[in-house]
Amino acid sequence: MKLQIVTPEAKVYEGEAEELYAYGPKGEFGVLPGHVFYVSSLEIGRLYFRKGSEKRAYVVDGGFLVADQDSVQVLADKVELADQLNKAEVEKRLADLDKRLTQEDVSPEDFDKLFNERQYEEARLSALDV
Amino acid sequence: MATLKTIRKRIVSVKNTQKITRAMKMVAAARLRRAQMALLAARPYRNILESNIGRLFSDEQKKSHNLLKQIEEPKKVQLLVMTSDRGLCGGFNGNLLRQVEHFLTHEATSFEATQLAVIGKKGRDYYRSRQIDYEYLQLENLEEFSFAQAQVMASEWMTKFKQGQFERLYLVYNTFKSAISQVPTFQQVFPLPMMGEDVGDSTAKNKDAEKEQIRIPVKWEGNPEEILDQLLTRYIASYFYLAVLESQASELGARMSAMDNATNNASDMIGKLTLQYNRARQAAITTELMDIVNGAEAL
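From first to last, the protein sequence lines are chains A and B. For the first sequence, numbering that gives the first Met the number 0 gives the first residue as 0, with consecutive numbering after it. For the second sequence, numbering that gives the first Met the number 0 gives the first residue as 0, with consecutive numbering after it.
Derived from the structure by calculation, the hints contain no laboratory data. All of these numbers come straight from a predicted model, not from anything done at the bench. Be aware that a few hints might be false.
No farther apart than 25 Å at their CA atoms in a straight line, the calculated lysine to aspartate or glutamate pairs in the DMTMM-like style are these [stated by the list, open to error]:
hint, chain 1, residue 1, chain 2, residue 2
1, A, LYS10, B, GLU49
2, B, LYS218, B, GLU49
3, A, LYS54, A, GLU108
4, A, LYS77, B, ASP228
5, A, LYS77, B, GLU142
6, A, LYS98, A, GLU108
7, B, LYS176, B, GLU49
8, B, LYS218, A, GLU42
9, A, LYS77, B, GLU225
10, B, LYS218, A, GLU108
11, A, LYS10, B, ASP228
12, B, LYS218, A, ASP76
13, A, LYS1, B, GLU49
14, B, LYS218, A, GLU13
15, B, LYS120, B, GLU143
16, A, LYS77, B, GLU224
17, B, LYS218, A, GLU88
18, B, LYS176, A, GLU8
19, A, LYS1, B, GLU220
20, A, LYS77, B, GLU143
Chain A is faced by these chain B residues, among others (derived, beta-carbon under 7 Å) [claimed, not checked]:
hint, residue
21, ALA40
22, TYR44
23, ILE47
24, PRO192
25, VAL217
26, LYS218
27, GLY221
Heads up, incomplete: computed chain A residues facing chain B, CB under 7 Å, no partners named [as the list claims (entries may be wrong)]:
hint, residue
28, VAL5
29, PRO7
30, ALA9
31, LYS10
32, TYR12
33, GLY23
34, PRO24
35, VAL35
36, TYR37
37, VAL38
38, SER39
39, VAL65
40, GLN72
In this text, a Cβ means the ideal position worked out from N, Cα and C, and glycines have one as well.
Just chain A, with the same shape it has in the complex:
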């Protein structure tokens, strides 16, 4: 199936893919060729696709996915290629955020912000596992 991944500021990928996984409101889901006409919003999470034996993983920060018979279009707000990430650094940031989140004097707004950041770091980590 034809896959297009775009963000408002760049075309990220255009080409063939045999299967694709992404994070929707109900968790991770997969898309194979011949899918029904399907629209989903995307949550913060990893997105990866396979073409032959080659796999490519991204971290997506919200957006949409539209799938039909023979094409998938990903309209992401922000996309990051997992290959450019450093696992040790991500883990360090994750541990750091955990420490700050468990402190007692965190205000609710800060907590939400940190929690989102943590989700993003987690998505990065899971993207690295692909």
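We have chain A; now place chain B onto it with these hints.
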């Protein structure tokens, strides 16, 4: 007749000007390449969004959604004119402002009110000196204008639209065709132009395709209305984003070709002045020789 010294001075001065215009051309060319790349990278998102909105909204939704519903005879119209902060870019601002003038005197007569908002110092100065009412918007960091900035801008205008401050909004900017060609464009954003309307011959085909699409039921993950609304907000923001990028690339393109012309003109002028200088010098030598010869004969 100009003396040798004044001609020499002029040549030096023209050469200095040429150095400046050449440098400006180089700078504009380098920045143009970046702006052009940003523009090309941003176009696919809008196109994909557009085709999806076209097939996801049903005909009824297109007629009833307040961002899509067409108003035949709007009373209050808003123009957002994108000019540049700096000059020395050929007809970039002039052409655009002339088009606006034309719009105001011809098409806007059927509206009760036409409000002007201006981006860029050149446009502001233009309307200020003509004492026309305008609203001046300052955009920070145009060089690295981000989609997030466009979203902020779009949502501000969307609020005004929903409050009924205007019934139609046009973005007025130069579309970048090439470094030597920029086309003034009026892009309607509120309400959004009908998708697939201005395609001309292919409309019939589009309609068939649309009907077929409608027969295929869509499976939604999440609330359809919410997703559609979010798609529309992004779609609108992408209009603002692209307009700024187009305008930016056009400005640099216009400046590059204007400075290229200026550099060539300077070369021509240097050529002419050098010719004049050589003639004057030859004339001086000839008179001097005549004096010497006459002096020698007199002895």
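- Looking back at the hints listed earlier, which ones does the structure fail to meet? 3, 10, 17, 24, 32
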